[in-house]
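Protein chains: 4
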Amino acid sequence: MSFNTFGHLFRFTTWGESHGPALGVVVDGCPPGIVLTPELIQRDLDRRKPGQSKYTTQRREADEVKILSGVFEDERTDGARTTGTPISLMIENTDQRSKDYAEIRDKYRPGHADYTYDQKYGIRDYRGGGRTSARETAARVAAGAVARQVLAGISIRASLVQIGPHKIDYNNFDWDQVDQNPFFCADAKAAAMWADYLDGIRKEGNSVGAVIEVVAENVPAGWGAPIYGKLSADLASAMMSINAVKAVEIGAGFEAASLTGIENADQMRGGENRPYFLSNHAGGILGGISNGDPIVCRFAVKPTSSIITPRQTVTTSNEDTDIVTKGRHDPCVGIRAVPVGEAMMALVLADHYLRHRGQTGREGAVGFERN
Amino acid sequence: MSFNTFGHLFRFTTWGESHGPALGVVVDGCPPGIVLTPELIQRDLDRRKPGQSKYTTQRREADEVKILSGVFEDERTDGARTTGTPISLMIENTDQRSKDYAEIRDKYRPGHADYTYDQKYGIRDYRGGGRTSARETAARVAAGAVARQVLAGISIRASLVQIGPHKIDYNNFDWDQVDQNPFFCADAKAAAMWADYLDGIRKEGNSVGAVIEVVAENVPAGWGAPIYGKLSADLASAMMSINAVKAVEIGAGFEAASLTGIENADQMRGGENRPYFLSNHAGGILGGISNGDPIVCRFAVKPTSSIITPRQTVTTSNEDTDIVTKGRHDPCVGIRAVPVGEAMMALVLADHYLRHRGQTGREGAVGFERN
Amino acid sequence: MSFNTFGHLFRFTTWGESHGPALGVVVDGCPPGIVLTPELIQRDLDRRKPGQSKYTTQRREADEVKILSGVFEDERTDGARTTGTPISLMIENTDQRSKDYAEIRDKYRPGHADYTYDQKYGIRDYRGGGRTSARETAARVAAGAVARQVLAGISIRASLVQIGPHKIDYNNFDWDQVDQNPFFCADAKAAAMWADYLDGIRKEGNSVGAVIEVVAENVPAGWGAPIYGKLSADLASAMMSINAVKAVEIGAGFEAASLTGIENADQMRGGENRPYFLSNHAGGILGGISNGDPIVCRFAVKPTSSIITPRQTVTTSNEDTDIVTKGRHDPCVGIRAVPVGEAMMALVLADHYLRHRGQTGREGAVGFERN
Amino acid sequence: MSFNTFGHLFRFTTWGESHGPALGVVVDGCPPGIVLTPELIQRDLDRRKPGQSKYTTQRREADEVKILSGVFEDERTDGARTTGTPISLMIENTDQRSKDYAEIRDKYRPGHADYTYDQKYGIRDYRGGGRTSARETAARVAAGAVARQVLAGISIRASLVQIGPHKIDYNNFDWDQVDQNPFFCADAKAAAMWADYLDGIRKEGNSVGAVIEVVAENVPAGWGAPIYGKLSADLASAMMSINAVKAVEIGAGFEAASLTGIENADQMRGGENRPYFLSNHAGGILGGISNGDPIVCRFAVKPTSSIITPRQTVTTSNEDTDIVTKGRHDPCVGIRAVPVGEAMMALVLADHYLRHRGQTGREGAVGFERN
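Chains as they are written, first to last, in the working numbering: chain S, 3 to 373; chain W, 3 to 373; chain P, 3 to 373; chain Z, 3 to 373.
Since the hints were derived computationally from the structure, they do not count as laboratory data.
Note that the coordinates shown come from a computational prediction; the quantities given were computed from them, not determined experimentally.
Take the hints with a grain of salt, since some may be wrong.
Since copy identity is lost for identical chains, a pair holds within one copy or between any two.
As the list claims (entries may be wrong) - Pairs of lysine-lysine, DSSO-like flavour, derived with a Cα cap of 30 Å:
| no. | residue 1 | residue 2 |
| --- | --- | --- |
| 1 | LYS169 | LYS56 |
| 2 | LYS101 | LYS205 |
| 3 | LYS191 | LYS169 |
| 4 | LYS205 | LYS328 |
Next comes chain S alone, as it looks inside the complex (with noise of 0.2 Å):
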C-alpha cells in the first residue's frame, strides 16, 4: 500500500497528528446507496476511545465524528446514504494538554519512532507523537464503520485472548462477555485476573503486551486476489500497519510448523448445499482465498513504549543521556487495538468484496445474500 492510503477498490487514506487541529479519513470506492450515519460511525469509534478505564489513557477525547462529504438524504433515499463518491470524516483534537515538549523533542524515547522519523524525514512533530500517536487509529476505526456497512451479514468481532504471558482458556470463550469487562476479553475468568495483574503492572510504572483475535463469520467463499492480493497477505499487512504490532497470524498460525500434514488437513465433507471442512487450521483462507469457514486472525501488541520508570537513551545530538515518558498513557495499549483490530478485518474484507465482485461478477458462493 502507498504512504497513508489502504485498499485497492475499497481505499481509504487517514491524515491528522496527535496535537493538530484534527486527524481524518476519507474513504474512497464506496458502493453508493449504503445506510450511513454519524451515529453508526460514532458507535464503533466510542469503543476506541481514550479514558474508558482506568487501564486505559486518561486523555479526554470526545472523538466526536462529523460526516463532511460523500453521504446525501433527501426525501426519496429512506435515510442517509453513501453517494459513491469519497466519504470524508474529520474528528476534531479537542485536550490537547499544553505542555513543554523540550524532553521529547531534544530526546529520543526508546520502543517510539522518534529516531526513525529524525532519520527519514529530518523534522519531526513530536507534540505527543504527532503522526506516530495511536490516535490515527481513531480514523481507522472511522472507516472500518463504513466498510462494516457495505459487509452486510458478515459478522467481524475480536477479544483479546493474551495479556503479558496470561492466555485465556478458549473453554470459557463467549463473545457475550467482550463488552462486559474493561478488555475486551471473552473470557470472563482471565478478565478478572488481569484486572489484579494490570493493576500492579501500572503502579510499578510499567506496561505489558498483549494478543488480539479477529474472527470475521459469514464471509463467503472466493475472496481474495492472488498471488501478491491474497486475503492472508492484505490481513498480515492490514495489521502489522496498526500502532505496536510485531506479530501477525492466520489460523494455526505458528503453530502449524509444529503440525504434521495428517493433523494439519482440515478435512472435507460433503454440506446440503456446499462441502464443509471438519476443521479449521487454515483460519479461513486456503491459497489467499477465503473458504466459506470463520477467518480467524491473531496480532501481537507490543507493551506500551511510554513508561514513567527510567531508560538510557541519547539526545538529539548523540549524547547518552535518561528518559522517563510522563503523560496520560496506556498500561497496556493493546486493550484499545482490539476495535482497531475488527476495523482494520472489515477494511480488507470491504476490498476484496468488492475486487472479487469486479473480476468475476459475483457477490460470491453460491448462497451468499447481500441486502
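Chain S is already provided as a structure; the job is to place chains W, P and Z on it using the hints.
For chains W, P and Z alone, coordinates are given in the frame of chain S:
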C-alpha cells in the same frame, strides 16, 4: 498489492502455471546501470531448485532463467547492465510429467486451494496445482536476485530455525553452516537431528511445517513509508504471500506480548557517528521505519498438504470421498522457502529504498554508501 | 488513476460537494522540510476564486484554506515546514444559497453529468451539482500550491489563448498581461476584444468555450516514466480530468498531423553544457520524457452547460420536458480553468520529479539545481 | 499509471525491445471463463503487422503470439478459457536485421527519444530504438484482443481520418471501407487520393502525420470513475501513451471551444426504455462517465521522425553534426496506429467495466446484455 504485482516503485509481476510451457516475472522500475547477468540470477535460483536432496521434491527442473529484456551491453557499458526498462525473466517448464489428473480434477485436496479457486473463478488449471504451485516462487527468487543487485552493501540471509516441533539452538547459530546442510540451517547440530526426524516423517507418508528467519543487515535507518506502507507491513504482506505461510513476525514478534515495557525497550547509547541500540526487540523497525539495526523477520510455513496418507474430502460435486495425493512432493516445503524468504526481503527493501529516495532525496542514513 | 486520487509518489485525494459543509484535499508523499503556509496556498486559491469579475459566477466564496495536518513549526524549523506526513487542506463552503432544487432533482441538465451519475450510482447529490461542481477544482489548486513549493526553480504559467472562435495573436504574447485582465490572457488586445464579445454572450443567456495554454519552464530533462507513465500521458489525464475539458495537446498537438517529418523535426545544436533545440514542436517532451525545453500543453474547455436559454431534456422518469438552468454561472468556465491548469501541471511535475529521483537517484539533468 | 503497467482492475504490463529476443505483455485481473485462443489474438496482431503495404515499414515480422499462461482447456471447458490468473503473451523478434548501429549510438535522432533516454537513464539500448520502438505497440494490440473478448457486445472500430493536411469527408464515411484500403480509412475517396500523396512524401524522403478516430458503440451508461479516473481522462492517457501521439480529444474536442452553450448542449428526449440524445458533442462521456452514446475519441500522430533527409543534430558528446536515419520506416506511422488505438480503447473500457462492476455491483445500464 494488486493481483500478481508486488511493489510500488521497484515492482514485479509474476505469471505462469506449474504445467504450462513456462513461468516468469517482469521486474519494472529497476534503476538503470545495475550490473545484471543470467549467472547472477541463476545462482539464487539454483538454491531453490527442486531435487537438491531427498528432503525436497524429486521433480527435475533445470530452472534455467532467460533474460528477455531490460538489460543491455555494448563496448561501453562494462558488462551487461539494466536500462531502466522492464526486465522480463522466463523459466521454461521441462519436467511436466504427463499423468492422469482425473484425481485432482474431480476431488478437492485438503489444505490446497483447489476448492477456493473453484469457488472464486469457477475454472481451475488443476495440473500440478496450476497457478497455486510452489513453482511460482521461482519467479520471486529470480526477481529477488535483481533486487539484491540494487541493494549493494546490504546482506540478506535466511535460515530454517524450526522444523516440526524442533527449534534450533541460537547458541549454535552460524551463518556459514546454512549452505553446509540440506535444510539451510545455521545450527549444524539441529540440522543433523532434523535429518533423522524428517526421514521418519517422509517414510510415514507425512509432512511437517517449519519456521524461517530472514535477516537483513546494513539497511540504513529511514526506509519505510508510514502509515500503510510501513516496512513491517510490507514485509508481513510479502512473507504471507508465499505459499503455505500462515504467520509472520518482526523482532520479538509474538514474544513481545509477554514482555513488559521495561524489558522490551531497546535502550540507546551514543555511538561514534550515530546512536546505537543495546538490544533489538524491534527487529530493526520502529514506527514502520528501519532504525539501522538488523531487520529480523520470521515466518511459519504449514506442513506440505500433499501427503500419501489418505484424507477425507469431497468431490467437485460435493460427494464424500477420500484422497491420497500422489506425486513428487516436499516432506517439508519450508526448506525451499528459505531462499524465497530472502528474495521477498530483498524485493521489499529495494522498493522502499527507491520510495525513500523518491520522497526525501536521501539514499539513507548518514554514512550509508552506495556503489 | 484511481477514483479521487491522482499521482503515484506525490499523490493527492480530493473530497467534497458543492453544497456540503466543506471540500478539501489530502496531499500525501510530499517531501519533508518544504516551506508551507496558508498564505502560499491562499495566493493561488484567490486567483481561482469565484466572483472576481462579471465574467465569472457571482457565488461569493471566501475559499479560505485551513492546513489541518502535515506541517510543523517550532523554534528550530525556520518557519512552517512539511513533515513528510499527509497534508490535509480544508475549505469550508459558506455561500450555499438555499434554494429549491426540485428542478435539477427531477430533470437532467443537458451537458451536465446528472444523467450519468444517476446511471452509475443510482443516487445523486444534485445540490449545485454535488461532486461534479467546478468547486472541486479549488481542492486541486490548493494541492497545486503545495506542488509548486516542491518545484523550486520551475516556472508554471498559463494563459487563456482562445475564447469562442477568437484566438489570441501570439505576437502580442506577454506573460505580464495575464494578471492585468479578467481573462488571464497574455494578449492584452485580445482580452479587450473578448470583454465585449463575452458581454454579448452573457446577455443572450448563452455561454462559450475556451482554450488554455499551460507552460512549464526550467523543467530538467529526464522526467517521465515510460511507457504508460509518460509525462505526456499523465498531463493528458490530468487536464482531461478537469471539469468540462474535451481535448488536450502537447507542443504542436493536432497541428503535428499536418506537418512533414522535415518540418516537425526539432533539430539540435551543441550548447555550452548540453545540446539545445532549434524548435519546440515536441512541447518539451520526447518519448514521454522531458527534454529540457519548455513543456507546452493546451486544453479545450467546452461552453458552460448551465445556460438560461431553454433546452430540451427529460425528467428522471424519462418524460420529455424543457429546462432553464437558473443560478449563478460562469458565461465561460474556461476562464477560471486557467489557474486549475497551472495546478494540474505542477501536480504532475511534482510527482514525476519524485518518481525520477526514486528510480534513478538523480534530481534531473546535469546542472539542474534544487534548493 | 505506473511505468509499464496500465489499468487498475484489468491491468497489463508490457516488456521488450525492438532488437531483443522477444517482446510481450502480461494481462492481469482478467475475468475467468472468457474464451481465448491464439487465433483470436493473431487476428488483431495481423492488422498491425509491418510490411502489409508499401506505406508501412518493410521489416518482416511474423508477429506470432504465444499464450504462455492464464488459459486452460479440458474436456469440460468448451474450448480454451481464461482462468483469472495472469495471461502471459509473447511475440518473438525474428527480423532483427544485423547492422552497424554506430550512427544512432553516437548521434541523437531529432524527434526521437534518444536524447531524453540518455538524460533519464544514462544508458540506452539504441538498436532499432530499443524500448521506444513502435514494436512495443504489438504488445498493446495483443492485450487489446483479450480486452475485446471481455467486452462482448461492444463494437470498437477506428479509422484514419486525416493524413497530412488531407481530411476525410464524413459524408463518405463507411466502416466497411476500413479494411478495403492500406490506410484503414473509412472514406474510399480520401484513401485513393492519399495513396498518391503518400507516394510523393515517401519519394522525397519525407514523412507525414495523421489523425485517427476510434469509436466504441454499445458501451453502457455508467462506466468511468470520477474525479481522477474519468473515462475521458483514462482514454486521454491511453492514447497519449502511444508512440508519436501529441494530441487527444473526445467528442467535439477542440471544436467545443468555439461552440456556444446553446449549440453544444446535447439535448435529450424520452426513449422507449431510457432517454436518448439528439446530438453527441460529448463523445459519449459526461462528467467522466459513459452516457450510452458512442464513445468518440480522436488522436494525432506526428510524422515519422526517421527520415532519409539530413537533419541537424548533435553527437552524444554534444558536438554539431547531421544525421540521416536509414532503415525501414513507415512514411506515416499513423497508419499502423489505427489498430493500436482500437486496442487502447478496448483496454480502457475493459478496466472500467470491471471497476464499475466492483463498486456498484451492476454490469451497466438497464438493458445491457452480457454473454
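Structure versus earlier hints, numbers of those that do not hold, lowest first
No hint contradicted; all consistent.
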